[in-house]
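Trainee: Listed in order, the protein sequences are those of chains A and B. Under this note's numbering, the residues of the first sequence are numbered 47 to 159, in order. Under this note's numbering, the residues of the second sequence are numbered 2 to 115, in order.
Take these hints with a grain of salt, some might be off.
Only some residues are given here: those of chain B computed to face chain A with a beta carbon under 8 Å [said to hold, decoys possible]: (1) PHE46; (2) SER52; (3) THR54; (4) GLY59; (5) PHE61; (6) GLU83; (7) LEU91; (8) GLY107; (9) PRO108; (10) GLY109; (11) LEU112.
Below are the SDA-like pairs computed for lysine to any residue, each with C-alpha atoms no more than 20 Å apart in a straight line [unchecked claim]: (12) A/LYS83 <-> A/LYS114; (13) A/LYS88 <-> B/GLY41; (14) A/LYS83 <-> B/GLN38; (15) A/LYS88 <-> B/ASN72; (16) A/LYS83 <-> B/SER23; (17) A/LYS68 <-> A/PRO159; (18) A/LYS104 <-> B/GLN38; (19) B/LYS58 <-> A/GLU48; (20) A/LYS88 <-> B/ILE27; (21) A/LYS88 <-> A/THR124; (22) A/LYS88 <-> B/GLN45; (23) A/LYS114 <-> A/SER74; (24) A/LYS68 <-> B/GLN42; (25) A/LYS104 <-> A/LEU92; (26) A/LYS83 <-> B/GLY43; (27) A/LYS88 <-> B/THR8; (28) B/LYS58 <-> A/GLY101; (29) A/LYS103 <-> A/LYS88; (30) A/LYS88 <-> B/PRO40; (31) A/LYS103 <-> B/ASP102; (32) A/LYS103 <-> A/THR70; (33) A/LYS114 <-> A/HIS53; (34) A/LYS83 <-> B/LYS58; (35) A/LYS88 <-> B/GLU103; (36) A/LYS103 <-> B/SER23; (37) A/LYS88 <-> B/GLY43; (38) A/LYS68 <-> A/HIS53; (39) A/LYS88 <-> B/GLN38; (40) A/LYS83 <-> B/LEU89.
I should point out that these hints are in silico values taken from the structure, not numbers from a laboratory. Every residue gets a Cβ at the ideal spot worked out from N, C-alpha and C, and that includes glycine.
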Amino acid sequence: GENVEQHPSTLSVQEGDSAVIKCTYSDSASNYFPWYKQELGKGPQLIIDIRSNVGEKKDQRIAVTLNKTAKHFSLHITETQPEDSAVYFCAARGAGGSYIPTFGRGTSLIVHP
Amino acid sequence: KAGVTQTPRYLIKTRGQQVTLSCSPISGHRSVSWYQQTPGQGLQFLFEYFSETQRNKGNFPGRFSGRQFSNSRSEMNVSTLELGDSALYLCASSWTSGARDEQFFGPGTRLTVL
């Protein structure tokens with residue numbers, strides 16, 4: 047089955063710095079890669095996603111890049127703010143009727159004011 | 002538009018008991034997926050229901066089961082509870098089944114097994 051590795055497990059940055067979280071996946075059939083933000087006491091919230099036919103996607107301060115050849119994708123957050131502090135999860139899903147999603151173990155991002 | 006709701010939010014049970022968790026998806030959504038989240042194993046997919054039929058199933062024992070009603074509301078049942086079943090159980094809904102739709106997560110039910 048699919049295996050998703052996520053690094054780092056903890057990331058501490060100063061407000062205004064950039065943060066980068068990286069994930070690798072094993073199944074070349076995976077074609078949908080969402081990123082979720084989970085705040086304390088809440089469920090994960092989709093913040094950005096990318097499909098395998100796209101190399102990069104940007105939404106304001108957040109961007110995701112995908113390298114299908116190397117099977118890795120990354121989340122980039124620029125101009126970090128204290129409210130960006132949360133746990134971030136990457137995931138990989140395949141297409142078709144069987145699309146069991148596999149999640150990374152999560153990255154705890156701490157943004158210091 | 003109301004989000005995904007899960008009841009109860011917190012639950013304490015003892016080993017050997019059974020438990021039923023409930024999930025109400027966003028209005029109009031027909032797919033409901035369940036996940037287990039633990040510090041040790043992270044987020045793991047349990048199963049997905051679409052139009053009252055189980056479409057996908059993760060690698061969990063048969064003690065974990067679910068169902069979906071005609072109004073798309075879903076329930077998850079865990080029988081013969083074990084200490085290791087203590088976790089946050091998350092429900093997520095989407096318009097349709099498959100890989101193309103964004104999933105919206107509920108706040109979860111925190112289950113503690115003593």
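Trainee: Which hint numbers doesn't this structure obey?
Mentor: 2, 3, 5, 6, 11, 12, 15, 16, 17, 18, 21, 28, 29, 34, 36
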